[in-house]
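Engineer: Chain residues, written in single-letter form:
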Amino acid sequence: MIIVKELHKYFKDLHVLRGIDLVVEKGVVLSIVGASGSGKSTLLYCINALESIDSGSITVDGEDVHAKGTDINLLRRKLGMVFQQWNSFPHLTALENVALSPRIVRKLSRAEARDVAARRLEHVGLGDKLNSFPNALSGGQQQRLAIARALAMEPSYMLFDEATSALDPELVGEVLDTMRLLAEEGMTMICVTHEMGFARDVSDRVAYVHDGTIEEIGPPEQIFGEPNSEKTRRFLSKVR
Amino acid sequence: MDYNFHWRPVFRDLPELIEAGLVTLQVAVLSMLIGIVVGIVLAIMRMKGTAPARWVAVAWIELARNTPALFQLFFFGFGLGAFGLHLSPFFIVLSGLTFNNAGYLAENFRGGFQAIPETQMRAARCLGMTATQAYVRIIIPQVFRIVYHPMTNQMVWAVLMSSLGMLVGFRELSGETQFFASRTFRIFEYFAVTAVIYYVIVKLILGFSRVLAMRLFRY
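Quick mapping for you: the protein sequence lines, in order, are chains E and Y. Be aware that the first sequence starts at 1, since it is given in my numbering, and climbs by one per residue. Be aware that the second sequence starts at 1001, since it is given in my numbering, and climbs by one per residue.
Don't take every hint at face value.
[What the hints assert, rightly or not] Only pairs whose alpha carbons sit at most 30 Å apart, straight line, appear in this in silico BS3-like list of lysine-lysine: (1) 26(E) / 78(E); (2) 68(E) / 1203(Y); (3) 1048(Y) / 78(E); (4) 5(E) / 107(E); (5) 107(E) / 1048(Y); (6) 68(E) / 231(E); (7) 1203(Y) / 12(E); (8) 78(E) / 107(E); (9) 231(E) / 12(E); (10) 78(E) / 68(E); (11) 26(E) / 107(E).
These are computed hints drawn from the structure, not numbers from a lab.
Using the sequences and the hints given, assemble the complete structure.
Structural biologist: Written as structure tokens, this is what we have:
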């Protein structure tokens, strides 16, 4: 379970997150929607300590992410992360991209790591691309590679930071399908997204972030059907 | 002109000259290997170090790049000698070349590091890698590809620069040539042959580096 309490974050004078409270239980798919610059990606980065926080707290399975004694490398194994820019490692084949961390971080043997990697790549539909280098893969394939790479660490949670925003329109579907597959398998997911269709159909809960606060959170039927907040209504009428 | 070329003594001494060529190659390769490691460290110190670390790195790089290589060699020879620290000619040349290589390579590496997007580090850290693991496995291999050709140039430069070693009494290729030439006064002949040996060494290095690049860079 991920618990965010009274989280505040500044970039210099800019107050980006203004008191976020959020609970993500196991097995839940949460979509975070909102305008660009509202702080939703920053929230994600705070959860796996890519960004520091100024006040409040974040705990993952009871462990305080930003406490001094926390082994952040150990904690990050639980938190798979997929970026907008897929960040494949260009000097490694697809298989090596996925197998590297299991081998050097989880300390699997070379053969075990390759097995894990091959399985994960098949899982996301890249079974025939094991020995391809990233520059020979499309954006959608590279994004699925990034998902397989995160999954190979056997995370308890997956964080998606606008995983489809940088893709050509015709490649968005394959990545969303992969994310949908994960959701159906019961993965706990936090998806910062502009894909309202995905948020409505796949999520258990949707949070609308406005100006660094969670304006409204609830099941997709509520957010998309009859939102309580006037701001939510206005945002959704603009993006749809 | 009544100068008669006499090549026979040169050919007689050719095995010794070639052996001296291997000494040249040896000191150049060693200074390069150490220079690469130190260069990476200097580049990281300059980019990410604390103020004193940055200051040391900048001073090293500035001196190595903006003073004559000969003076750098003299520093490790006569300079340290004045303080009672006497290095052997081999170590004078090795230290001088390494100092110079590290300074130049540091700037190459710095450019290479800056060409790798910050997001590569983020992605690696998100997979649970430590900063060191991310540098060794993800960042540096990509940097090597970027700096590979400048590095080859520096290697060639190290071979040629090592000829300054004769001025601190090191019997590498040039020192050995000078020794033989002054014994027979066939100065032109000896240095002409030695020039050919340098040329061959450099060409071998370039060929080797090309083959190595094909094996190393698969993408």
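Engineer: If a hint holds in the structure, say so; if it doesn't, say that too.
Structural biologist: Going through the hints against the structure:
This hinted pair checks out: residue 26(E) and residue 78(E) have alpha carbons roughly 12 Å apart, not beyond 30 Å. For the proposed pair residue 68(E) and residue 1203(Y), the alpha carbon gap of about 56 Å is over 30 Å, so the pair is violated. Under the criterion of a C-alpha separation no larger than 30 Å, the hint pairing residue 1048(Y) with residue 78(E) is consistent with the structure, at around 29 Å. Under the criterion of a C-alpha separation no larger than 30 Å, the hint pairing residue 5(E) with residue 107(E) is inconsistent with the structure, at around 34 Å.
The hinted pair formed by residue 107(E) and residue 1048(Y) meets the criterion: a straight-line CA distance of about 29 Å does not exceed 30 Å. The straight-line distance between the Cα atoms of residue 68(E) and residue 231(E) is roughly 38 Å, outside the 30 Å bound, and the hint therefore fails. Restraint check: the Cα-Cα separation between residue 1203(Y) and residue 12(E) comes to about 55 Å, which exceeds 30 Å; the hinted pair is violated. Proposed proximity of residue 78(E) and residue 107(E) is supported: the alpha carbons are some 15 Å apart, at most 30 Å.
Note on residue 231(E) and residue 12(E): the hinted pairing holds, with a Cα-Cα distance of about 27 Å set against a maximum of 30 Å. Taken as a hint, the residue 78(E) and residue 68(E) pair is honoured in the structure, with Cα atoms around 18 Å apart against an allowance of 30 Å. For the given pair, residue 26(E) sits about 26 Å from residue 107(E) by alpha-carbon distance, which is consistent with the 30 Å threshold.
Checked against the numbered hints given earlier, this structure breaks hints 2, 4, 6 and 7; the rest are met.
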